[in-house]
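Colleague: Start from chain A and add chain B with the ligands according to the hints.
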Amino acid sequence: MTKNKDPLNIIITGVGGQGNVLLSQFVGKALVREGYHATIGETYGASQRGGAVMSHLRVSRDTQYGPLIAQGQADIVLGLEPLETMRVLSQYGNSEVVVITNSRPIFPVAVTTGEGVYPSPEQIQSTLEALSSKCWVVDATEIALEMGAPILANIIMMGALVGAGLLPIGAAAFEAELRDSFAGERLETNLAAFRRGMSLTAS
Amino acid sequence: MANVATFEAGTAQLLMGNEGIARGALEAGIGFASAYPGNPSSEIIGTLADVAADAGIYVEWSINEKVALEAAAAAAFAGVRSICAMKHNGLNVVLDFLMGLNVTGTKAGLVLVTCDDPGALSSTEEEDSRPVAKWACVPLLEPATFQEEKDMTRWAFELSEQFKTMFLLRGVTRTSHARGDVRIGERLPPNREARFTVDVPLQYTAIPAPPKHMAAHQRQERIREVFEEAPFNWYQGPEKPELLIATCGSGWFYSIEAVRALKAEDRVGILKLGTTWPLPEKLVRRNLARAEKVLVVEEIDPFLENNLKELVGEDPAAVGPKKFYGKRSGHIPSAGEINPDIVTAALAKILDIEHAPVDPDYSQKALALTSFFVHPRMVGFCAGCPHRATFWSVKNALKLDGRDGFVTGDIGCYTMAVGPTGFWQLKTAQAMGSAAGMACGFGNLKGLGFKQPVIAACGDSTFFHATIPALISGIYNKADYILLVLDNSATAMTGFQPHPGTGRTATGGPAPAIDIADVCRALGVRTEVTDPFDLQGTTEKLLDLLEDDGKVRVLVSRRECQLVRARREKAPYVMRVDQEKCIGETCGCARLCTRVFQCPGLIWDAAKGAARIDEVICAGCGVCADICSAGAIIREAAQ
Ligand code: SF4
Ligand code: SF4
Chain A
1241 MTKNKDPLNI IITGVGGQGN VLLSQFVGKA LVREGYHATI GETYGASQRG
1291 GAVMSHLRVS RDTQYGPLIA QGQADIVLGL EPLETMRVLS QYGNSEVVVI
1341 TNSRPIFPVA VTTGEGVYPS PEQIQSTLEA LSSKCWVVDA TEIALEMGAP
1391 ILANIIMMGA LVGAGLLPIG AAAFEAELRD SFAGERLETN LAAFRRGMSL
1441 TAS
Chain B
12 MANVATFEAG TAQLLMGNEG IARGALEAGI GFASAYPGNP SSEIIGTLAD
62 VAADAGIYVE WSINEKVALE AAAAAAFAGV RSICAMKHNG LNVVLDFLMG
112 LNVTGTKAGL VLVTCDDPGA LSSTEEEDSR PVAKWACVPL LEPATFQEEK
162 DMTRWAFELS EQFKTMFLLR GVTRTSHARG DVRIGERLPP NREARFTVDV
212 PLQYTAIPAP PKHMAAHQRQ ERIREVFEEA PFNWYQGPEK PELLIATCGS
262 GWFYSIEAVR ALKAEDRVGI LKLGTTWPLP EKLVRRNLAR AEKVLVVEEI
312 DPFLENNLKE LVGEDPAAVG PKKFYGKRSG HIPSAGEINP DIVTAALAKI
362 LDIEHAPVDP DYSQKALALT SFFVHPRMVG FCAGCPHRAT FWSVKNALKL
412 DGRDGFVTGD IGCYTMAVGP TGFWQLKTAQ AMGSAAGMAC GFGNLKGLGF
462 KQPVIAACGD STFFHATIPA LISGIYNKAD YILLVLDNSA TAMTGFQPHP
512 GTGRTATGGP APAIDIADVC RALGVRTEVT DPFDLQGTTE KLLDLLEDDG
562 KVRVLVSRRE CQLVRARREK APYVMRVDQE KCIGETCGCA RLCTRVFQCP
612 GLIWDAAKGA ARIDEVICAG CGVCADICSA GAIIREAAQ
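Protein sequences, first through last, are from chains A and B. If you want the numbering used here, it's the position in the first sequence, counting the first as 1, plus 1240. If you want the numbering used here, it's the position in the second sequence, counting the first as 1, plus 11.
For reference, chain A alone in the conformation it holds in the complex (with noise of 0.2 Å):
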């Protein structure tokens, strides 16, 4: 069980502009809110203009870790776009680890510019299957999409991780997150795309 483990060791990844910062403070404030000690570690400045960013998340019920993961020992990976997930893994993935990522591509300039080639759906999906334990893609920004705005993809992926049951701490300390950061008509946004989110993964 992933919510036991201490500390619990998490990477958010993307690409710079996607809100990964922003996500993973959302994440560390709700663990905070119930007692836990979270560290953060993040990629940031220069790497955010396009670049591949990363956060760190360390959880514990007893002390404060570092802000960094040591090579192969992350417990969840959570990607908000697919070829990050997939450099996230080959890095700090190991056999037990457990994957939720969005669905959507952002080209590399690799594959903008014609040298390089952008996995299929399906590659995707067998080689997270290969790598994890479990694994969920799920298609974040077409349903933020639907619901008016991009960004929200990030509170999407942050339902489905709540979702998917691999946090120590439940929906409601992030509900109030939420209700401490957006009001009015955000506020029900961000809701609904939090609770669709997390019936992406709910099993």
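Just so you know, these hints were derived from the structure itself, not from any lab. Check before you lean on any hint, since a few could be wrong.
[Claimed, not checked] Okay, the calculated beta carbon distance ranges per label pair:
{"hint": "1", "chain 1": "B", "residue 1": "596", "chain 2": "A", "residue 2": "1442", "range": "43 to 51 Å"}
{"hint": "2", "chain 1": "A", "residue 1": "1357", "chain 2": "B", "residue 2": "317", "range": "44 to 52 Å"}
{"hint": "3", "chain 1": "A", "residue 1": "1391", "chain 2": "B", "residue 2": "441", "range": "34 to 42 Å"}
{"hint": "4", "chain 1": "A", "residue 1": "1370", "chain 2": "B", "residue 2": "64", "range": "50 to 58 Å"}
{"hint": "5", "chain 1": "B", "residue 1": "641", "chain 2": "A", "residue 2": "1391", "range": "30 to 38 Å"}
{"hint": "6", "chain 1": "A", "residue 1": "1303", "chain 2": "B", "residue 2": "616", "range": "45 to 53 Å"}
{"hint": "7", "chain 1": "A", "residue 1": "1432", "chain 2": "B", "residue 2": "194", "range": "29 to 37 Å"}
{"hint": "8", "chain 1": "B", "residue 1": "232", "chain 2": "A", "residue 2": "1274", "range": "43 to 51 Å"}
{"hint": "9", "chain 1": "A", "residue 1": "1369", "chain 2": "B", "residue 2": "520", "range": "52 to 60 Å"}
{"hint": "10", "chain 1": "B", "residue 1": "368", "chain 2": "A", "residue 2": "1410", "range": "52 to 60 Å"}
{"hint": "11", "chain 1": "B", "residue 1": "368", "chain 2": "A", "residue 2": "1303", "range": "20 to 28 Å"}
{"hint": "12", "chain 1": "B", "residue 1": "379", "chain 2": "A", "residue 2": "1274", "range": "39 to 47 Å"}
{"hint": "13", "chain 1": "B", "residue 1": "334", "chain 2": "A", "residue 2": "1361", "range": "55 to 63 Å"}
{"hint": "14", "chain 1": "B", "residue 1": "519", "chain 2": "A", "residue 2": "1361", "range": "43 to 51 Å"}
[Claimed, not checked] DSS-like cross-link-like pairs, simulated, lysine-lysine; straight-line CA separation at most 30 Å:
{"hint": "15", "chain 1": "B", "residue 1": "145", "chain 2": "B", "residue 2": "333"}
{"hint": "16", "chain 1": "B", "residue 1": "406", "chain 2": "B", "residue 2": "592"}
{"hint": "17", "chain 1": "A", "residue 1": "1245", "chain 2": "B", "residue 2": "360"}
{"hint": "18", "chain 1": "A", "residue 1": "1374", "chain 2": "B", "residue 2": "376"}
{"hint": "19", "chain 1": "A", "residue 1": "1245", "chain 2": "B", "residue 2": "274"}
{"hint": "20", "chain 1": "B", "residue 1": "376", "chain 2": "A", "residue 2": "1245"}
{"hint": "21", "chain 1": "B", "residue 1": "438", "chain 2": "B", "residue 2": "462"}
{"hint": "22", "chain 1": "B", "residue 1": "489", "chain 2": "B", "residue 2": "552"}
{"hint": "23", "chain 1": "B", "residue 1": "145", "chain 2": "B", "residue 2": "293"}
{"hint": "24", "chain 1": "B", "residue 1": "462", "chain 2": "B", "residue 2": "410"}
{"hint": "25", "chain 1": "B", "residue 1": "304", "chain 2": "B", "residue 2": "334"}
{"hint": "26", "chain 1": "B", "residue 1": "376", "chain 2": "A", "residue 2": "1243"}
{"hint": "27", "chain 1": "A", "residue 1": "1243", "chain 2": "B", "residue 2": "274"}
{"hint": "28", "chain 1": "B", "residue 1": "293", "chain 2": "B", "residue 2": "320"}
{"hint": "29", "chain 1": "B", "residue 1": "334", "chain 2": "B", "residue 2": "251"}
[Said to hold, decoys possible] Here chain A is said to cover these stretches of chain B; the calculated rule only asks that three of the stretch's residues, wherever they fall, bring their Cβ under 8 Å from a Cβ of chain A:
{"hint": "30", "segment": "18-28"}
{"hint": "31", "segment": "265-274"}
{"hint": "32", "segment": "317-324"}
{"hint": "33", "segment": "345-352"}
{"hint": "34", "segment": "384-395"}
{"hint": "35", "segment": "517-531"}
{"hint": "36", "segment": "603-609"}
What you are looking at is a predicted structure, and each value in this text was computed from that prediction instead of being measured. All C-beta atoms, glycine included, are put in the ideal place defined by N, C-alpha and C.
Modeller: Chain B with the ligands only, in chain A's frame:
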């Protein structure tokens, strides 16, 4: 909403290291804060600016780091506790003043925070700030945990006031830009009784130099005594370990993790130091005596390592024979970031422990399955960035001009034009203001046969920070160059902070907006303004300026940063590619738009053999419609 100023004492909050420093400063009752933005330090003053009204303090973004420290020092001279923050290269800018301030001293607490960026994750260069502390005789603190970021900042103010000298607090990316839970403390009210009085003649001058320099050295010895008892230094481990790790800052977490990973708790002890200059020598010697082998874990230069060796050398008998491991021995790299894996590997090697960090079967499988797809993602201009458009015109103008002209570069988002998304246009990149400074040199080589046109590119914030002196020097010395100001109305790279051109202060109030073109015109040079999204107009203006040579000329390429604009308004255009019209591989130099222009919003649809818009990423700026000669990229006004 709760913020760092209003958090209740006793609660636990998830804080970024920089927010912890800001909270520590508030708890210490600061009344004044100043900085020039630079990652990984920007959020310290950014956080304070956001809560200035709640906290009742004055906060400013100064024009550069030197002015920031001068302003903070003035407030401290007037009895107000002040904090000033900058990144490592900012400290270089400050040195001239710092080397006088160090001996002058202060009245109220004055803390200078400098944040280093090991691995240069958001910097153009990598350097260690700490030698400045030793060089300038300024006490140095290095927090290792998020709690310490806050608590040491508060403590630094008390000591600074007690010893009447400034304190230096060093963060690194993984302490400043990481987040962790922090227990909040009580806030002292800001001590804002500001009044400047001189109690003894020459109190606030660096003069007379030798006696004041001597006094600084003596003060350092008294501070050393206080550091002997500091709660931020401790030893953890067996009484007589086989190996002692000496560490500070970010090295602390990595060290405990390494010991744990190797299950070496019985063999290794850790000496964690928070006060790294002057070193508490009694405490250090006492702990060094525990073991013969010492591994020093720290980021960037062997600062602690060398200083420990110095202490051993002064009194070898007190500590016994030592074998040091660290950067000099090659166990810890002396460039780039360190991490738990590096420290674990070093420790495993010294202790001769077998350690396979990752399951080799899994790694091989992962490599086999992913390496074909996982291409590097290069950092580049955002979709809709005005800089991409400017450099497109620069590239075309220089080509049409045909005299092998080139661009000198500066520090900001536009520095990315050293790479493909700026079409490799920047040929130099060193320091703030150096584009124009170098152009002063290139532009005065005519007598030696130099015929190439020179364009010096700087940003709007950089213009104010350090370009103005080089511009005036160039005008005065009749240098031949075009100053190209990429004015996107923000300090974009560091988080969109306002500056003197934006008409806003750090705390959001109105300010006189200083127009860059007006400043240049007032200096008597030909100054043109262009909209970079007008590719043709910009290219023509550049060509005209290139012809008008023999002196300094200025082109201000003005268009707001896309990310700033997008916060306020919707995209102006809805874009699509008419895939019937797109001639794909046969276009220009084979797919001009996706292969050469490289806006991430425009992608290649391999199945159709045509370009396509990625509607999630495209910012709707409309520029790419003008680069497509087949007219396949269609721009429609958004509803
Ligand atoms: S942040 Fe602004 S200036 Fe920087 S690359 Fe993006 S759009 Fe361009
Ligand atoms: S309109 Fe074209 S250049 Fe502008 S953001 Fe969209 S794809 Fe990029």
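Colleague: State whether the coverage of the segment 517-531 of chain B by chain A holds or is violated, taking the criterion as 3 or more residues with Cβ-Cβ distances under 8 Å.
Modeller: Check failed, 0 qualifying residues.
Colleague: Residue 145(B) and residue 333(B) were given as a pair; does the straight-line alpha-carbon distance stay at or below 30 Å?
Modeller: 24 Å, holds
Colleague: Tell me if the straight-line CA distance from residue 1245(A) to residue 360(B) falls inside 30 Å.
Modeller: Since the Cα atoms of residue 1245(A) and residue 360(B) sit roughly 29 Å apart, the hinted pair holds (cutoff 30 Å).
Colleague: For the segment 384-395 of chain B, do three or more residues have a beta carbon lying closer than 8 Å to a beta carbon of chain A?
Modeller: With 10 residues in contact (Cβ-Cβ under 8 Å with chain A), the coverage given for the segment 384-395 of chain B holds.
Colleague: With a C-beta cutoff of 8 Å, work out whether three or more residues of the segment 18-28 of chain B approach chain A closely enough for the coverage to hold.
Modeller: holds (count 3)
Colleague: CB of residue 1357(A) to CB of residue 317(B), is that within 44 to 52 Å?
Modeller: 50 Å, holds
Colleague: Is it true that the C-beta distance of residue 368(B) to residue 1303(A) lies inside 20 to 28 Å, as the hint says?
Modeller: The hint (20 to 28 Å, Cβ to Cβ) holds, given that residue 368(B) and residue 1303(A) are roughly 21 Å apart.
Colleague: Is residue 145(B) close enough to residue 293(B), meaning Cα to Cα at most 30 Å?
Modeller: 18 Å, holds
Colleague: Indicate whether the distance between the beta carbons of residue 596(B) and residue 1442(A) respects the range 43 to 51 Å.
Modeller: Since residue 596(B) and residue 1442(A) have Cβ atoms about 46 Å apart, the given range 43 to 51 Å holds.
Colleague: Check whether the Cα positions of residue 334(B) and residue 251(B) lie no farther apart than 30 Å.
Modeller: 15 Å, holds
Colleague: Okay, residue 1369(A) versus residue 520(B) on CB: inside 52 to 60 Å?
Modeller: 55 Å, holds
Colleague: Please check whether residue 379(B) and residue 1274(A) have a Cβ separation lying inside 39 to 47 Å.
Modeller: 40 Å Cβ-Cβ, so the 39 to 47 Å window holds.
Hint compliance for this structure: hints 10, 32, 35 are broken, all remaining hints hold.
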